[in-house]
Structures are given as structure tokens and as C-alpha cells.
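Start from the sequences, fold in the hints, and give me the full structure.
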Amino acid sequence: MRLAELITAAVLALLSIYLMFKSAELDIGYLPGEGPGGGAWPFWLAAVMLISTILIVINWFKKATPPSRSTEPFMDDFAKKSLVKVGVGLLGFIALIGVISMYGAMLIFLVYYVRVLGKHSWPTTAALSIGLPVIFFIFFEALMRITLPKGMKFTEPFYNFLNTIIY
Amino acid sequence: MKSTKRLLIGLIGATALSGMFASASLAWEPTKPVDFVIMAGAGGGADQIARFLQSVAEKKDLTSRPLVPNNKGGGSGAEALIALNTASDPDHTILVTLNSFFTTPLRQTALGIDIQTFTPVAMMGVDPFVLWVHKDSGITTFEQWLETVKAANGEYVMGGTGKGAEDSLVITFIEQNFGVKIKYIPYKGGGAVAKDLAGQQIMATVNNPSETKGFYASGDVVPLLQFSDERMANFPDIPTMKEKGKDFSYYNQRAVVGAPGMSADAATYFQDLFKTIYNTTEWQDYMQSESLSPLWLDADKQRAYWATQVANHKELLAKMGE
Amino acid sequence: MEILGHLSDGIWLSLQPINLGLILIGVTLGLFIGAMPGLGSVNGVAILLPVTFLVPPSSAIIFLAAIYYGAMYGGAISSITLGIPGASTAVATTFDGRPLALKGKASLALVTAALASFVGGTVSNVLFTGFAPLLAHVALSFGPPEIFALMLLAFATFVGLGGDDIPKTILSICMGLVFAAVGFDEISGEPRLVFFNISGFMHGINFLVLAIGVYGLGEMIWTIESTRGEMTTTDAKMSLKTVVADSKTAAREGWRGTAIGSLLGFFVGILPAAGATPGSLMSYGVTKMVSRKPEEFGKGAVDGVAAPEAANNSASTGAMLPMLTLGIPGSPTTAILLGGMVIWGMTPGPRLFTDEPAFVWGLIGSFYVSNVFALLINLAFIPVFIWMLRMPFTILAPLIFVLSVVGGYAATADMHDVWLMLGFGFGAYALRKLDYPLAPAVLAIVLGPIAEPTLRQSLLLSSGDPMIFINRPIAGPITIIALILIFLPLINLIRKKMVAQA
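Protein chains in written order, with our numbering: chain A, 253 to 419; chain B, 16 to 337; chain C, 640 to 1141.
Mixed in with the good hints, there may be bad ones.
[Claimed, not checked] In silico EDC-like pairs for lysine to aspartate or glutamate, Cα to Cα no more than 20 Å straight-line:
| # | chain 1 | residue 1 | chain 2 | residue 2 |
| --- | --- | --- | --- | --- |
| 1 | A | K405 | B | D300 |
| 2 | B | K329 | B | D313 |
| 3 | B | K198 | A | E286 |
| 4 | B | K203 | C | E829 |
| 5 | A | K405 | B | D104 |
| 6 | B | K178 | A | E286 |
| 7 | A | K315 | C | D1074 |
| 8 | B | K178 | A | D279 |
| 9 | B | K329 | C | E829 |
| 10 | B | K198 | C | D1074 |
| 11 | B | K261 | B | E162 |
Think of the hints as simulated: they come from the structure by calculation, not from any bench.
Below, the structure written as C-alpha cells:
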């Protein structure tokens, strides 16, 4: 935990510096008669972020906060495993949206989570992973008229067919 | 799972087949909801018009698939232009534009957008600008107003929708041609500008009549000058800038364009669709009540209009020092 | 008396069979739309527009008010049961609603939210009915300096919201404020902080993208880990008896928050630039400040659910006021409403009350009726939401993830934001483990886009002189109170530290 605290503070410090650098593309000074320039607000706030990270590091040296005293590992085996399982699932879900559409990706994610991680029975898995996309489709496309991503071209005939039903 | 897959394949096959027959005999029609991109955030004048157009199409049942409004106002419309430039399905992507269609590519050249690659669909009308003051200022004529601005010596405060936005170009024109200096406060949208004029937080605005309508009706704000070519029917007693001896008029375009690379069939479909909408009594009444000037241009004339507008804006922006 | 006559006509109109039917459908639909993360009343109202052509305008507006009310009630549902704020107005509801649900008191939280919403809606309806034209003038007297002072006050009420670790709290606030600045600088008219020139950053970082990332993804991953995947949220059974008991508890422990939220929410809500979200956040902060047990806030205080819920309903009704009387939309939802009214051939603005009395009073009457039905329908659905919570965690968790991804997309219709949300989720998970408070960042991203432009507009007005915030009659007192509130705890803290070290 102690190491993680320091690394996180360092990452945040780098982020602050990047934000300051990026804000400086606009005017960061106080223009006479006009008030602060376009970059001033994010620049100085990012500067405060940087100062905060320095204080966090000082607290770390002084062991003033619970995470900076803790000798427990930042992530134990269970945490690592569950983060990888869930994280990979989410990553795959979002990556697949662009390929096989929101509904298709949802179906696969649900099969993965309910069956593989949750170890539920196939009937439960099937009911959820087919039922939910159908409910979402009816709710969003037909009722709310919000179009969710349809993925790559090859899904088009399928959705065009569904469109002829709902419109 | 297996049976679902088979069903899926079956469905795909069936639709592909029926699609082939359909395309052989019928004119092009959208097969999925049309991405109706709006070059402004929710709530502004452009958004209102877009949603009005959508509801007319809906009411008259003019489209086989709905137009789905999609607000992309980021970066003065840069976000919308990029979205159209990179549209995965140009046949189903159209854009409601205002004058940032001309100014944004000029001001942000790094975007690399050439508006002449876009597909003209319809010019639905143009929205003229009017100079407004609060009634408590006691000002009733443009000359009186000029005196007041001169006397304020650079402390005269006007509000608008941002540097490089339509109203700021008009204000810059006044500054440069009448030798006055104005303090300009940018706001998020025309509605907020109108509200702060009514609340006397700012002293004057250059705004579209539609955005100031309510306060005009109640008498809180007074029009002084219009920037149209001729006096508008709703403001018969207000002089135009041209009458004041400067050959200047300024309108916000209310036009619909298609994504670059839209097929000719799809372009024809949308051109016909918006022509139908243009001719509905709903749209004609809307233009009347919102003081829009009717202006219908076909595709070729639109391209010519774009070219002249780009040239005009280049000049205006250059004068502004942008 | 004239007002009461108009009002009873309006209510009578809303009770016509066709209108009553529309109210029932609208409230139920609105409840689900509001409960869906990423969707809010704005989506509900947008789908309404086409429907308005099938029925007369008076029925259309009633349907719309019903959806609006339903969505307002619904926002609390996902905040409490899933821990994801369904809309920015319901962020503050998660602070105490979620802890209550985790303690197995989800029904208490939901009942409190429903009752507080009802009271908030009713109070603002009465204020609206009685004083609409008068209040419109109050709204007009709030220019940029006043709004900025108000935002300062909102921040001040939140000084105590973070954890004990002050540098981390400050970091969190500043990070939210910087993220709020991403996209476009409306004062100079230039793109700003468009990271790596990705066009998705041009529209800025939407509040919902951060909120769903933090609460929907980050918090969920953290929960899975900290409960070893064996989480059961609640096993409370619902019956009429528990609803009655919960209502009593809600009334006893939540009256203070409800009262503060109803009044404060309304007054912040009528200001076109502010709206329901700052209203609900400020009500939460003020309630915590005046509470006898401020230490319970964030751990499941009933007042902490009542205050923001009363406030967001009250403010949402209040937000209709500038729209109707001034023709200025205070929120995206009212903006679409405004468009709708133009389509029906009306001119919202100072003359609407005199030109179209039947329409205006029909709308106001429907507020009252919708509010009653929203309460009843909401209470009736509570068992369904509780039942959802009793699902096995390995089913509830993927459901929340799916809702988060869909909601993150629906908020802006851009895949870029879904990826961004995933990034925020992982980031939030790491920061959460290291005791970084994240609520301040979420609040800052809501308030930042209001605070920064008003600050700079004010300074432009005053030619750079910051005294504009002190000199003006309304801004002055607000600024001074805000500054006192901000510095009081800091001074106390420094004193304490000095005493401790000496």
C-alpha cells in the first residue's frame, strides 16, 4: 500500500504537469481590464493539484495518513484476479461494440459474466444474455428513438430488418 | 445458442434478398434512423429549429425512418463538422448548420475541413440580426445609441455568443465603421444574452428576433436597427443598416447539409424531403412568427452561396484580427 | 382568489379521463427513464414531441409534465439501488442513499426519497402558483457576479464533504474543475485542453461520463473486491407495514432536510444559469451544516437523502419558471419544452400568463396532479426495485456494468466517452483504495462549467476588478457568507493542529 500511495501521487503529479502544460496553450495570465485569460483557470487549478501531490508525498514521508502507514499489499491475489476478470470483460465488451454492435457485445459480455464468472446455469445465462439486449433494443431504438452503435457494416442487413419491424 | 444463430443467419439472408428486390424497383429510402446532427448544444436557436424540422417530418409522416437529433456543439461546431467528415454512413448523416459552418473551418484551419466537399441539401431560410437595447435606457434611435456608446468611452457593455460568433462580427463591423469602442461579454447562448439584457446586466445586444421575441412582446427591450436587406414584416418601423448608408447586411443561415460522400440518390431523397418540409404551412408559419426570412436555394445555388459566404466571412474575420 | 380559480380549472382539466390516462403512462415511463443511468427527463421530453401532434396541446403538456415528474422521482432510484446517479440532479442522493441500501435499508431510502420529492414538488408548486411573475424579476436580477457568488457558496457548503485527508480532497476538487474546463473556452472562443487533438474532447467531459465511471464502474470493481464477490445488498422484505414504518422514520429523521431542500432548491432552481443540480448539492451541504449529527452524513443519514431529493424536485419545478415567464430555458429539458411550445404556436415570455391562461394553468394544475401520481406510482414500484437488489450479485453486477456502458454512451452518443468512462472507472478504483475522496471531483465537474464563465464575465464587466463580487447588493452578502464558510473550518483546523503540536 505504501508503495502504491507514492506511485499514485507521482502519477497524479505528472498528470498535473501535463494539464498545466496543455493549459498554457492559451493565455494563463491576468489580462489588464479583462480578468484571467483562457488558460488561467485550468492552469492554476492544475498547479494547486501539483502542490497537493507534493503535500501527499510529504505526508507519505511523515507517515501521516493510513495508506502511507499500511504495510498490506495494494492488491492481494483475490483483488488482482477479480480486477483482471472484470477488467478484461469490460474491455472486451467496449471493444466489441464497434465490431458487433452494442447489443451483440452486450450478449457476449453477459454470457461471459453470468456463465463464466458467475457460474450460473445455461438457462439463466441464455435468458439474461438474450433477454436483456432485446429489452434494451425495444426500449432504446423503438421507444426512446435513441440509436446505439450498430458495429461494422455486416450487421446492417440484420438491423435494417429489425427497423422494418419497429418503425 | 445454435438455433439462435441459425435464425440470425436466416434473417440476414431473407433481408438481403428482400433488400435486393426493393432497391431494384423503388427510389432510395433510408433503411435506418437518420443521424440528424445539430451544430449547436441543446436549447439554442439552431437546436430549436432542428427539432422543429424533425417534428414536422414526424407529424406529416414524411420519412420511413426517424430523424434522430444529435447535438454536437463542441468547439463552435468543429465537433459536428468532424463527425460529418468521418461519418461511417454518409447516406444516413445530415447536419443542421448555422454560420459557424463557414467561420469554424476558417478559424480552426488545423481541422482540415473543406465545406465544399459536403453535400448541399436545403437552405431553409435565413435569420436576420437586430440591435436591441433595454427600454429603461431611453434610447429610441440608432443615432442616439451611437452618441451614448461614444460618451461611454469604451465602457459600453454588450453581450453576445462569443468571439468570432455571428453577433460579434456585426458588433465589430459597427465598431470599425462608426468609430466606437464596445466592451464585449461572451455568453453561452442567445437565450442567456437576451435574459441579461432584460435584467440590465448588459446594455445592448445584437440578437436574432426569435431569441428576444418574448421580451420584445412585453416591451422590455427595444429594437433600434436591423441588419437585413429590407425592413422585416415584423419590424416595419425599424430602419436597416443599408438605410444608414452602409452596404451591410448579416444573416444566420438555417440550412441542412449532407455528409461528404453522400450518394446522389440519398441526396435527392433528402433534398425532396426538406423541400416538402419547406413548403408545409407549419414551416411557413414558423418562419413568419420567428421573423426568419424565407430563402430557398437548390443544390447548385447553395454551393455558390457557400463560396460567397466563405469569402465574406474571411474578410470579416480578417478585420476582426482573427 | 383569482389564482385559486385558475388553479382549480387547471387541476380539473388534468383530471379529464384522457389526461389522467396520459399522466399515468407518463409518470410510469418517466420513472423508468429517470432510473436509467445516462437518461433523464431530457430524453423523456424529447420523445414526447412527436406525440404532442396526436393530442391537443393542453393534453400534450400534461403528458410532458408527467414524464418530467416521473423522471425526477426515478433519478433517485438508481442512485440508491445501484449507487449510480441516474442524472446530475441525483448525485447528492448517492452520498447517503447508497450507504442506506448497503445497510439493508434500501426501502427506507427509497421511501424517504419519494416522500421528500413529493413535499419538494408540492412546496415549489405552491410558490410557483402564488408568485411566478414576481419571482421572474428576482431571476433577472441575478447576473454573472451573483451566479458566481452562488457557486462559491455551493463550494463552501461542501468544504466538509471530503475525507480527513485535506491535500487529497483539494486535489479531487481541482481535478474536477480542470476536467470541467476541457473542450472549449467560451470567453476567448478557443478550443482548450483538447488532449492529443482527439475530437471527442471538444464537447468537454460530460458529467455523466465521470459519474458513471466513478460510481458505476470504479465503485463496483471496488465492491466486488472488498466483499470478496459475496455481496448481498439487502434482504429486506417489503410490505405495506414496512412502507408505513419507513414513512414514519422518514418523516421523523428527514423533515429537516426536506424543509431545507424544498425551499433552497426552489430558489436556486429558478435562476436560469444555476438549476436543479447546484440546488440539490447546496441543500445537502446546508442540511449537513445545520444537522445535529453531521458525522452521520455520508454513512446513511435519512436527512442526507431527503435534502437533495426534496431540492431536485423543487428546483425542477422552479426551472419551469424562467422558461414560462421569461422564455429562457434553465435546463436542456426546459429548452426542449420551449421548442415544443413554439411548435404549438405559443410565445413563452412575459406575456404568456395573460395571453394563454388556459394553457399555463393547465400546465400548473398538471404539476399538482402528476406529483401526487408520481408519489403513488413510485411507492408501488419500490418492491420491484428492492427485488432487483435481491438478485445474486453475479447477476446484479453485470447488469450494472451493462447499464453503465449503455448510459455512458447515451449521455453523449459518442464511443469516445465510453472509453473515457472506462478509464475513469479504473482510475477511480485505484484512488478509492488509497482514500482519495471522489465525490468532490464529481461535484466540481458539475459546478465548474457554471463557475468559470460567470467569474470571467464578471471580471470583464468590472474591467478586472474583483470588488464586483463585494460591491453589488445581492452578490456581496452571498460572497461574504461563502468566504466565511470556506475559511472557518480551515482556521479551526490550523488552530487545532497548532494546539496539538504545541
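Hints violated by the structure (numbers, ascending):
1, 2, 10
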